[in-house]
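Colleague: Chain residues, written in single-letter form:
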Amino acid sequence: MAETTGTAGTEFVFSPEQQDLRRAVRQFCDERVDEPTVRRLMESDAGYDPALWARLGGELGVLGLAVPEELGGAGGGLVDQAVVAEEFGAALVPGPVLGTVALAVPALVALGGDEVLPSLVEGTRTGALAVPDHGGRFDPALVSVTESGGALTGEATQVVDGAADVLLVAARAGRDLGFYVVQGGERRSLSTLDRTRRQATVRFSATPARLVASGADAERAITAALRVGGALLAAEQVGGAKRLLDLTVAYAGTRLQFGRPIGSFQAVKHRCADMLVLVEHARSTAYHAAWALQDGTDDPDLAVSIAQATCSEAYQRVAADTVQLHGGIGFTWEHSAHLYLKRAVTDAALLGSAAAHRERIAELVLDTAVASGTLVVATG
Amino acid sequence: MAETTGTAGTEFVFSPEQQDLRRAVRQFCDERVDEPTVRRLMESDAGYDPALWARLGGELGVLGLAVPEELGGAGGGLVDQAVVAEEFGAALVPGPVLGTVALAVPALVALGGDEVLPSLVEGTRTGALAVPDHGGRFDPALVSVTESGGALTGEATQVVDGAADVLLVAARAGRDLGFYVVQGGERRSLSTLDRTRRQATVRFSATPARLVASGADAERAITAALRVGGALLAAEQVGGAKRLLDLTVAYAGTRLQFGRPIGSFQAVKHRCADMLVLVEHARSTAYHAAWALQDGTDDPDLAVSIAQATCSEAYQRVAADTVQLHGGIGFTWEHSAHLYLKRAVTDAALLGSAAAHRERIAELVLDTAVASGTLVVATG
Amino acid sequence: MDDSARVEKAAQQVVETHDPRSVSTREFLGACFDAGLAWVHFPEGLGGLGVSRGLQAKADAILQGAGAPNPFFLNPIGHGMAAPTVLEHGSPELARELLRPLATTEHIWCQLFSEPGAGSDLAGLATSAVLDGDDWVVNGQKVWTSLAHRARYGLLLARSDPDQPKHRGLTYFVLDMRAPGVETRPLRQITGQAEFNEVYLNDARIPDTHRLGAVGNGWRVAMTTLMNERSAIGGSSSVRGAGAIADAVQLWAQRPDRRTPVLRDKLAALWTRAEAQRLTDERARRSASTGSPGPEGSIAKLVSAELNQDVYEFCMELLGPEATLYGDYSLRDIQRHEDYRGPVQQRFLRSRANTIEGGTSEVLRNILGERILGLPGDLRADAGKAWKEIPRG
Amino acid sequence: MDDSARVEKAAQQVVETHDPRSVSTREFLGACFDAGLAWVHFPEGLGGLGVSRGLQAKADAILQGAGAPNPFFLNPIGHGMAAPTVLEHGSPELARELLRPLATTEHIWCQLFSEPGAGSDLAGLATSAVLDGDDWVVNGQKVWTSLAHRARYGLLLARSDPDQPKHRGLTYFVLDMRAPGVETRPLRQITGQAEFNEVYLNDARIPDTHRLGAVGNGWRVAMTTLMNERSAIGGSSSVRGAGAIADAVQLWAQRPDRRTPVLRDKLAALWTRAEAQRLTDERARRSASTGSPGPEGSIAKLVSAELNQDVYEFCMELLGPEATLYGDYSLRDIQRHEDYRGPVQQRFLRSRANTIEGGTSEVLRNILGERILGLPGDLRADAGKAWKEIPRG
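Residue numbers (this note's numbering), protein chains in the order written: chain C, 1 to 380; chain H, 1 to 380; chain R, 1 to 393; chain S, 1 to 393.
Honestly, the hints are just simulated from the structure, not real lab data.
None of the values given here were measured: they were computed from a predicted structure.
Errors might be hidden in some of the hints.
[Claimed, not checked] Cross-link-like lysine to any residue pairs, in silico, SDA-like; alpha carbons within 25 Å at most:
hint : chain 1 : residue 1 : chain 2 : residue 2
1    : R       : Lys385    : S       : Gly384
2    : S       : Lys385    : R       : Gly384
3    : R       : Lys385    : S       : Arg380
4    : R       : Lys385    : C       : Gly259
5    : S       : Lys385    : R       : Pro376
6    : R       : Lys388    : S       : Lys388
7    : S       : Lys385    : H       : Thr254
8    : R       : Lys388    : S       : Gly377
9    : S       : Lys385    : R       : Arg380
10   : S       : Lys388    : R       : Arg26
11   : R       : Lys385    : S       : Leu379
12   : R       : Lys385    : S       : Lys388
13   : R       : Lys388    : R       : Ile372
Using the sequences provided together with the hints, build the complete structure.
Modeller: The structure is reproduced here in structure tokens:
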């Protein structure tokens, strides 16, 4: 992921290619993934449209932007993929964005590639990561699936996009950790709060599995995937929050009560200003994480935790405020607000809560702080 | 403290006598303890006016309202004393209100009286409690002063009103806890944030002391004093916060910017509304604590912790908002706001922080909560 | 016999002659009405005994102690808001006609105030009422109407004169929900349920005898309804730790695995705020009963709404990844009371409306600032203008 | 030679010929001015090289790398706000007269905008300026004037025409602070210190040549000053963990005995917010330097002010009972830079002004809402009125 698209690039400055990419994805979403489409897919069994997904991978080619060309990807950087994640988040693109694009693909890239990777990038197959995490970090102690004789047994709960064609599964082979590619397993789909982001519980009973890494290699790939996943999830959160801010500002500027636009009341205006600050902070931290992972310019764990701690809180707050500032209409099923509210709550709970990431930040920043002794406390 | 003034009294309903008491104290403070007086005393060495203090005890008779008549007091209830504490807090009456009225007197009452009690009630002598607390609760393990041969040695730090004539000191006599009346000791007065509430560090070097209780009796008296102190401190916080709310509302209603009163802007009006809620919550919890201690109608520790957790946060928030809503003028030495801000910060840190009291509430409420198992969590 | 003893005796007689555990709800509530125990402060013959409102608690304690249903839960708008409004503003004949079937829950009532274009600005509503002979002809759309699909009558506020300033052109009616031209459609909310309805009024006719208060005086009548709504909220029963906070404490007890010191402090803070508000409600009740109502009552709605949201946000945080699951979004009518609030995730979603329904928190802060603290009003764009000239949208 | 190389060469020449560690500050800064390095985007001969503003960072890195003082710290109002205002709105002669001694810190500058009656509503100010021959005669009172007691010049905004609407009757001047009729008094603040001053103007005279911009055009000139003030805040140096949050982290490190898990989470949240704002500042700078300034710059003031307060509230909570002590309230002038922020308790008190000075948080939220988000303005009571007819108080 050290390569970048176009200009080697100052952090936060999007290259013309990246700006084109954003425009192209936004236009595709406007035309092909408008809200009626999202609502139709959200009510469907699969929860997404495989043909549409294949177009995103094939025609548009935006499902593996940070995958090196020799592994079947676009050979770009993570920032490119973050731009796409933001636009997907703004449109609430249904489908295995988190499972495939943000987790499975990065895991396989970290492994140096795999035979299933090109199909995931092309969108002809979907993937998901069936790995237990503790506050967004991989914890081998939580792995309960076991391997024996090339087959897996056990259960993985609440796997995001767990109905995918290909599962990347952490399992225990004796005392060793193994990382496996699995196509089988019994998938029980769950009724999720956010019907545009599906989950399943996966049960393996002597399900055939192909080992792709073990021990430290497996752990490294999983950790890399969770980091990239956290950064891309943050970008998605930015996209959703920004869309809600735009929606709310437009409503506040046109909705009249007491003979004037409600946005002319400070109670409304100032809440919009606070939403703006949240969105701007979210954007800064999410793209910092993407740039830091791409260019190696910051501690990756710290950068991702800053982004996740900030974006999870920002998106949830902005979504709640969006309902509030729309009044009754914002509480109806017909209005867009709840679709984003449910996504915001879901994103905040996945890959580590804000509190879990703050704890990680505390470990990295506070536990290493040393008293330099110059700050004076008055003692009377 | 089971006796009450006048009507046996519904909680929160002040008797006519209590309403008269409030009016009398308020009038006295308006006439005798106006802000110029407070500022003059705050700059003085002693920090208060002994003659004025003696009038509060003698002429007005409001320093020992909850002290039984046979012990030299007014034979009223704690609610009476809380009414006075509220008015003292509103006026920022300088002097040993906390040390003498809220802590030393209740401690001596809990002991069943003492020869020094009448003089404290009359205001001819002052008292203070030199007892270490942990978050507002007595912790015998923190006692470091030791007794030997009827004399104390050691140091008590940050004793509120520690320059008082009479100190009530917790000390360790061998393995036993003792509670002593002391008149000596070297007092080093501290430069406090709030110059209307003094503190001193007290050093004992074989200082003669008179034992008034030991062991469980001592502990019981100290605990009772800290509880009463917490309730009266809460009432004082209500008084200060309410005065600030009045001050701010008056200013917001008359200060003009942009050709209109600033209180007509929602940013100002809504902050005042939030201040009102804080003050009302503070008042409810403070007087509930006073009534509960007086009538034994609630767990005394819980009632006091609810009051302290609520009032400490409310007073600080209201004081900060008062500075903000006054703009620049509220940041000047000449304006009243900072006097209250400093008192608010001080009160919040004394007798246990809001966080310490929340921890106590958690122990009393959450640690005893049992899952009754009817609340359903959707599992998808 | 003093009033208190009268109430006590009447209540005891009712439960002796009509055992609430064996007679039907309607029969029992009819007996209560006839005995003057529906609203003890109402006149005799109209469901009351003409005694102090404070004595209602005494009657309710005896009745409910014997197993009586709470009529407020069965017909909340009828019992809490319609009855006092009909009594105060309706003709004696109308009160006699409407109150008994209301009290027995034979007639459920609903309230037709809010409109898509009139939320916070209720007085800006557009539904028109035009007099045609002895009838009013009503056209417009109402929204957020709980119970409309089950209601026999609706409290309707409509505009009878668009040339007047907005507060002065309103008239108040009792609408027969079964009249031609009244169409009720369920309004699906973000929980998936349809707790509310939209009501479309197309040339619906109301006899002038079902008007409450004078023509053009509807706003004052509506104030009676709304003040009773607010006091119904502020006057709810007051048990420590009850309400939304009980859910959070219970979840805490159920999930030791999810506890952290930070969440513990957060929950203690929420519990303390709930308790501070409960004590404030209690204080308001006490001072009201002694004739000196304080500002405490109006605070309840604001605080409890925001507290509910914070409590369920806490619950979702406590749940962690499980918070992302949901039960059933299929559109359902809410019938069974026990099912009403649903699992935690549903309660979380439902709580988002708390700061909107019954007055937004923004409007409530204005009310606290202006009516309690006496701060000056907002500058008004619509002051003194004829309603029809005020921009809407 | 491209602009970047020009700047680099000029800076290297200055440090070679004027070692900042041996020559006086004034001499060194004079050399910088003469070499066009005071403000590289200013014209040649007036302290600049006429190159892009973005190149200033290159010059500063070389100069300060060699040990040069930061002129912004020595003369903040002069360097950051007066210089661009004088350049843009003053005559070439005036710029030539004033800029060099400003740049060398021979002349300290202050700003005379706020008045007791004109805080958030700056354009409502009342200080009058009346033309008398070639001089303006000025009367009024200014407040919150940092450095007034040490300043040689003040940026003065005064009302030259009370019959105009408030924004249109203002004129902008450079005031000689040593002129007769200019009296400066220290203004004691809640910390006990006097960081600011009041300035009384009694028939103080200003030559018309010291007017900046046209008569009646003062508001536009003031905008130049204020925009430079805001960009000075947004453009501060950006090191992770620096600023107020560093105090909190340091106190955390110093006081293991006072740590709790709840405070740990709180501090992590504050640190994260500070970092999010730092990154937002950084992003604003980056996008500004590529010619597409975003909304990020204007957020800095709002966030950093509220964050400072939260940070020092945290510090006080961490300190516990020690927070109730204070050092020294005796009135002192703030001279020594290292003493300026004092012990933690003093920093806490000082932070209360952060949300007032340089634009209250209320005004800033209006600015974010209206100028960045494009929301409609507040209804105005003073729109179009002659200043003298607008109620004040």
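Colleague: Hint by hint, say whether it matches the structure.
Modeller: Hints versus structure:
no., hint, verdict
1, Lys385/R - Gly384/S, "21 Å, holds"
2, Lys385/S - Gly384/R, "21 Å, holds"
3, Lys385/R - Arg380/S, "18 Å, holds"
4, Lys385/R - Gly259/C, "10 Å, holds"
5, Lys385/S - Pro376/R, "21 Å, holds"
6, Lys388/R - Lys388/S, "35 Å, violated"
7, Lys385/S - Thr254/H, "20 Å, holds"
8, Lys388/R - Gly377/S, "24 Å, holds"
9, Lys385/S - Arg380/R, "18 Å, holds"
10, Lys388/S - Arg26/R, "71 Å, violated"
11, Lys385/R - Leu379/S, "16 Å, holds"
12, Lys385/R - Lys388/S, "28 Å, violated"
13, Lys388/R - Ile372/R, "31 Å, violated"
Consistency with the previously given hints fails for numbers 6, 10, 12 and 13, ordered from lowest to highest.
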